[in-house]
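Q: Chain A is already provided as a structure; the job is to place chain B on it using the hints.
Chain by chain, the residues:
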Amino acid sequence: MSFRIVVLAKQVPDTRNVGKDAMKEDGTVNRAALPAIFNPEDLNALEMALEIKDRLEDVIVSVITMGPSRAAEIIRDSIYRGADNGIVVSDRKVAGSDTLATSYTISQAIKKLGNVDLVLCGRQAIDGDTAQVGPQVAEKLNMPQITYAEEVVAVNETAIQIKRRLERGIEVVESKFPCLITVHGSANPCRFPHAKRVMKYKYAISASEAAEIGIDTAKLWQQKPYLKIEEWNAADIQAEDSRLGLTGSPTKVKKIENVVLTAKESVKLSASDEDLDGLIKELITAHIIG
Amino acid sequence: MANNFFTDNESLKFHLHHDLMQEIIRLKEKDYADFGTFDYAPEDYTDAIDNYEKVLEIVGEITGEILAANAEEIDHEGPKVENNAVVYAAGTSRNHEALTNAGLYGMSLPRQYGGLNFSYVPYVMAAEIVARGDCAFANIWGLQDCAETIYEFGSDEIKNEYLSRINKGATCSMDLTEPDAGSDLQAVNLKATFDESNNCWRLNGVKRFITNGDADIKLVLARSEEGTTDARGLSYFVYDRKHQAVTIRRIENKLGIKGSPTAELVFNNAPAQIVGDRKLGLIKYVMTLMNGARLGVGAQSVGLAEAAYREAFKYAHEREQFGKTIKDFPQVYEMLVNMRAKIDAVRTLLYETARAVDMTKALDGMAKDRVLTSDERQTLKKYQRLADSLTPLVKLFASEYANQITYDTIQVYGGSGFMKDYPVERMYRDARILTIYEGTSQLQVVAAIRGVINGSYLARIKEYEVLELKTEYQSLRNVLIKMRERFEHAIEIVNGFGSTSESCDFNARRLVEMAGLLIMCNLLLIDANKNAIFTASAHIFIKFAQSQIEQAAFYIENFDPVILERYKSFL
Numbered sequence: 001m002s003f004r005i006v007v008l009a010k011q012v013p014d015t016r017n018v019g020k021d022a023m024k025e026d027g028t029v030n031r032a033a034l035p036a037i038f039n040p041e042d043l044n045a046l047e048m049a050l051e052i053k054d055r056l057e058d059v060i061v062s063v064i065t066m067g068p069s070r071a072a073e074i075i076r077d078s079i080y081r082g083a084d085n086g087i088v089v090s091d092r093k094v095a096g097s098d099t100l101a102t103s104y105t106i107s108q109a110i111k112k113l114g115n116v117d118l119v120l121c122g123r124q125a126i127d128g129d130t131a132q133v134g135p136q137v138a139e140k141l142n143m144p145q146i147t148y149a150e151e152v153v154a155v156n157e158t159a160i161q162i163k164r165r166l167e168r169g170i171e172v173v174e175s176k177f178p179c180l181i182t183v184h185g186s187a188n189p190c191r192f193p194h195a196k197r198v199m200k201y202k203y204a205i206s207a208s209e210a211a212e213i214g215i216d217t218a219k220l221w222q223q224k225p226y227l228k229i230e231e232w233n234a235a236d237i238q239a240e241d242s243r244l245g246l247t248g249s250p251t252k253v254k255k256i257e258n259v260v261l262t263a264k265e266s267v268k269l270s271a272s273d274e275d276l277d278g279l280i281k282e283l284i285t286a287h288i289i290g
Numbered sequence: 291m292a293n294n295f296f297t298d299n300e301s302l303k304f305h306l307h308h309d310l311m312q313e314i315i316r317l318k319e320k321d322y323a324d325f326g327t328f329d330y331a332p333e334d335y336t337d338a339i340d341n342y343e344k345v346l347e348i349v350g351e352i353t354g355e356i357l358a359a360n361a362e363e364i365d366h367e368g369p370k371v372e373n374n375a376v377v378y379a380a381g382t383s384r385n386h387e388a389l390t391n392a393g394l395y396g397m398s399l400p401r402q403y404g405g406l407n408f409s410y411v412p413y414v415m416a417a418e419i420v421a422r423g424d425c426a427f428a429n430i431w432g433l434q435d436c437a438e439t440i441y442e443f444g445s446d447e448i449k450n451e452y453l454s455r456i457n458k459g460a461t462c463s464m465d466l467t468e469p470d471a472g473s474d475l476q477a478v479n480l481k482a483t484f485d486e487s488n489n490c491w492r493l494n495g496v497k498r499f500i501t502n503g504d505a506d507i508k509l510v511l512a513r514s515e516e517g518t519t520d521a522r523g524l525s526y527f528v529y530d531r532k533h534q535a536v537t538i539r540r541i542e543n544k545l546g547i548k549g550s551p552t553a554e555l556v557f558n559n560a561p562a563q564i565v566g567d568r569k570l571g572l573i574k575y576v577m578t579l580m581n582g583a584r585l586g587v588g589a590q591s592v593g594l595a596e597a598a599y600r601e602a603f604k605y606a607h608e609r610e611q612f613g614k615t616i617k618d619f620p621q622v623y624e625m626l627v628n629m630r631a632k633i634d635a636v637r638t639l640l641y642e643t644a645r646a647v648d649m650t651k652a653l654d655g656m657a658k659d660r661v662l663t664s665d666e667r668q669t670l671k672k673y674q675r676l677a678d679s680l681t682p683l684v685k686l687f688a689s690e691y692a693n694q695i696t697y698d699t700i701q702v703y704g705g706s707g708f709m710k711d712y713p714v715e716r717m718y719r720d721a722r723i724l725t726i727y728e729g730t731s732q733l734q735v736v737a738a739i740r741g742v743i744n745g746s747y748l749a750r751i752k753e754y755e756v757l758e759l760k761t762e763y764q765s766l767r768n769v770l771i772k773m774r775e776r777f778e779h780a781i782e783i784v785n786g787f788g789s790t791s792e793s794c795d796f797n798a799r800r801l802v803e804m805a806g807l808l809i810m811c812n813l814l815l816i817d818a819n820k821n822a823i824f825t826a827s828a829h830i831f832i833k834f835a836q837s838q839i840e841q842a843a844f845y846i847e848n849f850d851p852v853i854l855e856r857y858k859s860f861l
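Same order as they appear, the protein sequences are chains A and B. The numbering of the first sequence is the working numbering, which starts it at 1 and goes up by one. The numbering of the second sequence is the working numbering, which starts it at 291 and goes up by one.
Looking at chain A on its own, in the form it has when it is part of the complex (with noise of 0.2 Å):
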């Protein structure tokens, strides 16, 4: 039977290139003036499971990815990149999900997919930068987990070994399958679109996708399976409502403040070991680095 590698994948609003409009009144992200994109640290993941599937005999990577129908771009671009297919999971129902919720939604639909081997997945969104994700569905989905992965040191059909990249150096662990795996970005970047994949691939759609631009795919599908990218919604995935967006999310925003930046003393100091030691000193007290 085929390995089965997950790579869970978001699309962001792209917040490394904030404009004046990036936020609105109530302090809220403006997503539609931010270019949506693949979060970077889905991609150091996606890799992964890329690097994964050269090394291994008869390796199916799916990208699954929970979002509006557009979200289906970043699941041509993941198959544009190398991964075998693709599921949006996208429902009214998981608006305005939490960290909770989220996971909650993902791990169902990893079920309905069923004998998956390995999680791959991005540490952190930049939209939120929570970190928690990941975590949460290793949970739900009783997995071990490994976090902060770096490199692939070693795997096989049953296990696999992982360099972490922490705070103060790196950690060496080895887990068996299944487990889940969050991927740090200073992992491999990402390989580029293939060309002959994307020529292949590039009519690839999702039913809602087609219902918003009025095509008629059942023939396209029919002639070339590949092309379909599934779609799944609440009731596919048996998904409890109370458990989904809004209703299923217990956090809430207390409140939000605009930071700005205004330092603006300097400090001037010798190129002697004393002045550099007592910076790195106070730059790792101020939590700057470390």
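Just so you know, these hints were derived from the structure itself, not from any lab. Ideal placement from N, C-alpha and C gives every residue a C-beta, glycine not left out. One or more hints might be untrue.
[Claimed, not checked] Below 30 Å or equal to it, Euclidean Cα-Cα: the simulated DSS-like pairs (lysine-lysine) are:
#1 B:Lys449 - A:Lys228
#2 A:Lys202 - B:Lys458
#3 A:Lys254 - A:Lys163
#4 A:Lys200 - B:Lys303
#5 B:Lys344 - A:Lys224
#6 B:Lys449 - A:Lys200
[As the list claims (entries may be wrong)] Per the computed footprint, the stretches of chain B lying under chain A, defined by three or more beta-carbons under 8 Å from a beta-carbon of chain A, are:
#7 334 to 345
#8 348 to 360
#9 383 to 396
A: Chain B alone, transformed into the frame defined by chain A:
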């Protein structure tokens, strides 16, 4: 957003969508015959041109993100020889790997050999983009052109053996130059003898200045006919690196394109297969390959010029002196905008030529399957002539402009540009080879002067002149017609000296440059008529070209052959 050297350049999209592309792609795809057989083959024109765009986007992204970022480190590190093998700089290997893994080698090869079956225009465009990221690396990537020669002239056995390796990242080299055979390739001396017992050819001798000399697949020009001394004794061979029968004597320490290894090689009884027919090595195959390589240098030059111009543009907008950014000083913005106009002018010539080559290749390809109709043969002839006559102009102008532009870029930077802290000094050094290799500028003039004398450039210029223009461009058209008349007058004068006279040779460059300037002006005007992004460049370049043509015309009109004796009195 990630750096993307395709999507950030409007001009490329404009040239990619030229009206002739519909016909070019239909011919190249043989009416879309591969659709259904290969899952990545296009169904129709819309599909195909969309494929081109999407694949060029990948080239643009890899170039913007990987190649450009590695260029400086590669320039410092350079390749080295270890255990008789060339080891690329680390960044060069990363570049090669990224492009291989994205399936970007063998772009124009047929799909049955793992290629993308792209027409020539997007291939040339990719070459331009790659060179903008790293001029040195553009050689390693561009040598995939050798596969074209194998495809066009090799036996099925050779094609099957070598071509499918290209898309998987096998590198190529074309081994022509020898210590005593540079511009004059008829003097090639490397010996090829047939080894009856092993049923293969054996190569013995020395090759020098071989770009990417330790490539996996080498195309070698050698003397197969004992006792001959001219071009008719030369044949073309393919050698596989796996035989380990070539010694790398050294790699050169160069002024520029340091990332591209230039090797001196000794062939020690190296086994090789013949490509095509005996004795046609230089006369037919190398000439074809050379035309491709010249256009390749054209693309490389435009890419480098674009890179330099963008650096100059950025710096001129940031640097302040006397209380304002330096771009606001007329002397600086003239330099800066002239760069842009020259790039727009020479780029439109590059793609005009690429389209002519495309039409030629596509019809040639069709002729392999069936007899062409007389209309098709006419078309083939027309584009073949056009391609042959425009290629030396592209090589000449693009490489000279790349040098002028990188020179001016350092000037815009001032003292900082002279320092190793900025990339522009590397670009300046990289540009220098462009007017030399694959035929010096002087040799391009020799190749192009025929087109002046036999009137083929004039005929082409007159074809451009009758294309309809919006009224706002009519006055520029009138200027161009006057300039063309000056050109015709100059030809008459030089013809009066005799077309084989020394006076003609002496003035050849002036005439060829007049022809090239006129063709670029006309093309740029037609572009401006279609898309306003070229309007300013058309005005600026035509003004610039006008003064250049006046200068050349003045020299020729006042030329007295006696001056040649004055020149020779110093020799």
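Q: Hints first: check each against the structure and report whether it holds.
A: Here is what the structure says about each hint:
{"no.": "1", "hint": "B:Lys449 - A:Lys228", "verdict": "37 Å, violated"}
{"no.": "2", "hint": "A:Lys202 - B:Lys458", "verdict": "22 Å, holds"}
{"no.": "3", "hint": "A:Lys254 - A:Lys163", "verdict": "38 Å, violated"}
{"no.": "4", "hint": "A:Lys200 - B:Lys303", "verdict": "22 Å, holds"}
{"no.": "5", "hint": "B:Lys344 - A:Lys224", "verdict": "20 Å, holds"}
{"no.": "6", "hint": "B:Lys449 - A:Lys200", "verdict": "25 Å, holds"}
{"no.": "7", "hint": "334 to 345", "verdict": "holds (count 4)"}
{"no.": "8", "hint": "348 to 360", "verdict": "holds (count 3)"}
{"no.": "9", "hint": "383 to 396", "verdict": "holds (count 5)"}
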